[in-house]
Every structure is written in C-alpha cells, then in structure tokens.
Amino acid sequence: MTDQQRPPLRLGIAGLGTVGGGVVAIVQQHGALLAARAGCRIEITAITARNRSRDRGVDLSSYAWEDDPVALARREDVDVLIEVMGGEDGPAKAAVEAAIAGGKHVVTANKAMMAIHGQSMAEGAEAAGVALRYEAGVAGGIPIVKALGEGLAANIITRVMGVMNGTCNYILTQMEKTGADYADVLEDAKRLGYAEADPSFDVGGIDAAHKLALLASLGFGTKVDFQGVVIEGIERITLADIRHAADMGFRIKLLGVAQMTDMGLEQRMQPCLVPAHTPIGQLDGVMNAVVIEGDQVGQIFLQGPGAGAGPTASAIMADVIDIARGLTGPAMGLPAAQLVAAPRAGDASSAEFYLRLLLKDAPGVLAKVASALGEEGVSIRQMRQYDHDGEAAPLLIVTHSATRSAIDGAMGRIGAMEYSLEAPVALRIEHV
Numbered sequence: 092m093t094d095q096q097r098p099p100l101r102l103g104i105a106g107l108g109t110v111g112g113g114v115v116a117i118v119q120q121h122g123a124l125l126a127a128r129a130g131c132r133i134e135i136t137a138i139t140a141r142n143r144s145r146d147r148g149v150d151l152s153s154y155a156w157e158d159d160p161v162a163l164a165r166r167e168d169v170d171v172l173i174e175v176m177g178g179e180d181g182p183a184k185a186a187v188e189a190a191i192a193g194g195k196h197v198v199t200a201n202k203a204m205m206a207i208h209g210q211s212m213a214e215g216a217e218a219a220g221v222a223l224r225y226e227a228g229v230a231g232g233i234p235i236v237k238a239l240g241e242g243l244a245a246n247i248i249t250r251v252m253g254v255m256n257g258t259c260n261y262i263l264t265q266m267e268k269t270g271a272d273y274a275d276v277l278e279d280a281k282r283l284g285y286a287e288a289d290p291s292f293d294v295g296g297i298d299a300a301h302k303l304a305l306l307a308s309l310g311f312g313t314k315v316d317f318q319g320v321v322i323e324g325i326e327r328i329t330l331a332d333i334r335h336a337a338d339m340g341f342r343i344k345l346l347g348v349a350q351m352t353d354m355g356l357e358q359r360m361q362p363c364l365v366p367a368h369t370p371i372g373q374l375d376g377v378m379n380a381v382v383i384e385g386d387q388v389g390q391i392f393l394q395g396p397g398a399g400a401g402p403t404a405s406a407i408m409a410d411v412i413d414i415a416r417g418l419t420g421p422a423m424g425l426p427a428a429q430l431v432a433a434p435r436a437g438d439a440s441s442a443e444f445y446l447r448l449l450l451k452d453a454p455g456v457l458a459k460v461a462s463a464l465g466e467e468g469v470s471i472r473q474m475r476q477y478d479h480d481g482e483a484a485p486l487l488i489v490t491h492s493a494t495r496s497a498i499d500g501a502m503g504r505i506g507a508m509e510y511s512l513e514a515p516v517a518l519r520i521e522h523v
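To convert, count from 1 in the sequence shown and add 91; that's this note's numbering.
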C-alpha cells in the first residue's frame, strides 16, 4: 500500500484553549505538509471542551462534538487522543486512561499528569501496544524529549539541567533590566499573559519541577519521581540579590538540575546563581533552555520558546507525525518494567553558596556569624557589607564548597540569633 493509499490518522482533541486551538490551526493550514511528512493524511474528527460556544478563532464546524472527554477517547473514529485540558487528575486522566484501554494512541501536553501518573500510564500504554507521547509537556517547542529518548540514546547521561519556566525567567530578567521589585514585575507578567492569575505553580517552582522529573526519568532510566524533587521558588529573591549577583558576575535563574550521584538521584528546582557569560546566564525573557551532558557527546545546549500556541502545538504535531510513521516506542525511553526506583539524594551535592543576611549593626556580630558557619563546617570565601545605617547591616557572604545540610544548619543558627533581623537567604552557585 502506498502512502497515498494509507488511511488517514484521525485525531480527537480534548481541550480547545490556546494549545488546542494551535493544533487545529496547524492541521488546517499545513495539511499537505503534514501528509507528506507523515506518509498519510492527518485529520481531526472530533473535539471536546468545557465551552462549546466560545469563539476560538478557528473553524470547528466540521468536527463532531463530545461533551465528555472520555466519550471522545472511546470514539471509533479517533485513532489518537490529543489531551490538552491540563490537570493531573480528573477528566484529563480519565480520558487518557480510556484511550489507552481502548487501544488509542495518546499525545499530551500535560506535564503534571505525566509527572504524577507517568509510570502507570506508560505501563498501560506498553501493555496495550499504543504510544504515549508528551514532547509538548516539557519546554514547549524545544524537542528535548526526543533528544534524550532518541538522539542521545547511545550516551550515558551524566547531568540534565535547565531553565524550564518562562514566567520565572521573565520576572528575574525584568527585575534586573528595570530595577522594579518582584511584586511589580509579577503584576506586569500577569498583564502580559506570561503569568496566571494564580501564579503559584510557576513562581513556586512546581511547574518546572514536573518537567524536571520527566527529564530525569528519561535521562537516567528511573521511575518518574516528582516527590523526590527538592523545590524552591523565586518568591524570596529581591532586587538586592540580583544586583549583588551581578556585582560578582552572576545572574539568578530558577534552575532545574538532575544528576545521578553515589547517594542516588539528585533532583532539584531552585533559584541559583549562574555565571552571567554562559548561555544559561544569557537566557532572556520567557525563553527556556535545557543542557544535557552525555559521556559521548559532552554538553548539548537547546534553547527555544517554552510555551505558547505555536511552539506547544508544534511539539504535539511532531509526536503525531511520529505515531503516523509507526514510531511508538516506550514513553520513558526504556520499557516501563525496566525503570528503576532510584534512591533520593535530595540536595546532597556540595557547592558554593551565596548567603544574604540582615543583622543588627553591633560590635561582635560578624564574629558570631563566622562562628555559626564554622560550627557547621562552612568556610567563608568572600564577604561584603552594604549600606549599613547604624541599625541594620545587610551582609553578603560567598562560601567555599559546602553541603546544603551544612548551609541549612548554619542558617538555622544565624536565624535564631537575637542579632538576626530577618530569615537568612541561601542560594546555590551552579557552574554550568
């Protein structure tokens, strides 16, 4: 049978927001290109969303409508369910499980669902002989899942890291550029549509941590372990931190790092100081970037838009084309039964740290701070004092390499002192 004689690949789309509308637009506008690259026509047969009457800027009149996403997933004229509703449970999970049980392929942009239920869903898809693809769930238009699962499959991966949330990167870079504080830039991000009305998943690091957990599973052959990610958001980053970092040649990024250590799998999503001259340090605005280190290729750097209708829909359709070509391998790079549950290493590796303290301006305070650090085995590499007014003395310390547990112990001692005027802040310095 020639490609032209092959039956079309029929899509059911669950969710018609920004991304779902973007998928419809690509199918309608690039039909001939998709068919040439997939080897068959790709067509939409049925759709579902919460609001049937809303104008989405694309013509939906030729598609069957289902009020229930599970019913959509079970339709006989749907070969691939595209799930872009969001939510780790509820209708999205039910629809995906129904599709897999019915022998349908699944393409999803739902990183939260995959980070929580990815192992069981991968097992189900492999048992049913169908594909479960999620390129669009991690770093938007950057083909990072394909790079890890296929392009770098001959490598032992040693580290995966990156900036995986455009909202946080926008806030941090705008604070630096404009001199505005965190709260003002966050409101600006909401106005521009870069941040949700409730931005806690973004600025709290949770959204990016979902993505990191998936990349760690792909990179290290482990079961997805979102609960094992150490998560810290950017809410406590001040304009002073950004300026102090710049003085030392660094920029602050919400950085995800996953690496296999002697103690187990280390996964952390936290604000870090990175060298300003590096590609990660130079990353601006809402862009995402991922760095992969492999034993054969060395370091690979991928950068691109992490969200939006076009980039995310592009990633979805790349997965659809792979399915049309018959590329339906295991979701996590290895058969789900072979994935191991890695020991959690937490935030165990040593690093230099940036410490910000606000202390009473009194004799002997610096000696007490140095003593508290020394009692936890933390040595000082650099110390600066800024703009003390006779009452409060902001103090900046850069440590020599230390463990996070030692830093936390020292911060606990310092924070409990009567001379400490606010909770100390500690940020890892990551050399990328």
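Read the hints as simulated data drawn from the structure, not as lab findings. Please note that a few of the clues may not be correct.
Straight-line C-alpha distance at most 20 Å; calculated DMTMM-like pairs for lysine to aspartate or glutamate [to be verified]:
1. K268 <-> D279
2. K268 <-> D159
3. K237 <-> E384
4. K268 <-> D316
5. K314 <-> D159
6. K314 <-> D375
7. K314 <-> E179
8. K451 <-> D413
9. K281 <-> E267
10. K184 <-> E157
11. K314 <-> E241
12. K314 <-> E482
13. K184 <-> D159
14. K451 <-> E384
15. K314 <-> D413
16. K459 <-> E513
17. K237 <-> D413
18. K459 <-> D413
19. K281 <-> E326
20. K237 <-> E267
21. K184 <-> E134
22. K281 <-> D375
23. K268 <-> E278
24. K237 <-> D386
25. K184 <-> D316
26. K459 <-> D438
27. K314 <-> E188
28. K314 <-> E267
29. K184 <-> D146
30. K184 <-> D150
31. K314 <-> E214
32. K451 <-> D375
33. K268 <-> E214
Pairwise CB distance ranges, derived in the manner of DEER restraints [unchecked claim]:
34. I247 <-> R416: 24 to 34 Å
35. M474 <-> P370: 22 to 32 Å
36. Q318 <-> D289: 42 to 52 Å
37. Q96 <-> D375: 40 to 50 Å
Every residue gets a Cβ at the ideal spot worked out from N, C-alpha and C, and that includes glycine.
Do the hints match the structure? See the list:
no.: 1; hint: K268 <-> D279; verdict: holds, 14 Å
no.: 2; hint: K268 <-> D159; verdict: violated, 46 Å
no.: 3; hint: K237 <-> E384; verdict: holds, 15 Å
no.: 4; hint: K268 <-> D316; verdict: violated, 36 Å
no.: 5; hint: K314 <-> D159; verdict: violated, 31 Å
no.: 6; hint: K314 <-> D375; verdict: violated, 32 Å
no.: 7; hint: K314 <-> E179; verdict: holds, 17 Å
no.: 8; hint: K451 <-> D413; verdict: violated, 62 Å
no.: 9; hint: K281 <-> E267; verdict: holds, 18 Å
no.: 10; hint: K184 <-> E157; verdict: holds, 17 Å
no.: 11; hint: K314 <-> E241; verdict: holds, 18 Å
no.: 12; hint: K314 <-> E482; verdict: violated, 52 Å
no.: 13; hint: K184 <-> D159; verdict: holds, 13 Å
no.: 14; hint: K451 <-> E384; verdict: violated, 45 Å
no.: 15; hint: K314 <-> D413; verdict: violated, 24 Å
no.: 16; hint: K459 <-> E513; verdict: holds, 16 Å
no.: 17; hint: K237 <-> D413; verdict: holds, 10 Å
no.: 18; hint: K459 <-> D413; verdict: violated, 62 Å
no.: 19; hint: K281 <-> E326; verdict: holds, 15 Å
no.: 20; hint: K237 <-> E267; verdict: violated, 34 Å
no.: 21; hint: K184 <-> E134; verdict: violated, 24 Å
no.: 22; hint: K281 <-> D375; verdict: holds, 18 Å
no.: 23; hint: K268 <-> E278; verdict: holds, 16 Å
no.: 24; hint: K237 <-> D386; verdict: holds, 18 Å
no.: 25; hint: K184 <-> D316; verdict: holds, 18 Å
no.: 26; hint: K459 <-> D438; verdict: violated, 27 Å
no.: 27; hint: K314 <-> E188; verdict: holds, 19 Å
no.: 28; hint: K314 <-> E267; verdict: violated, 38 Å
no.: 29; hint: K184 <-> D146; verdict: violated, 26 Å
no.: 30; hint: K184 <-> D150; verdict: violated, 27 Å
no.: 31; hint: K314 <-> E214; verdict: holds, 11 Å
no.: 32; hint: K451 <-> D375; verdict: violated, 37 Å
no.: 33; hint: K268 <-> E214; verdict: violated, 47 Å
no.: 34; hint: I247 <-> R416: 24 to 34 Å; verdict: holds, 28 Å
no.: 35; hint: M474 <-> P370: 22 to 32 Å; verdict: holds, 30 Å
no.: 36; hint: Q318 <-> D289: 42 to 52 Å; verdict: violated, 22 Å
no.: 37; hint: Q96 <-> D375: 40 to 50 Å; verdict: holds, 49 Å
Going down the numbered hints, you'll see the structure goes against 2, 4, 5, 6, 8, 12, 14, 15, 18, 20, 21, 26, 28, 29, 30, 32, 33 and 36, while the others check out.
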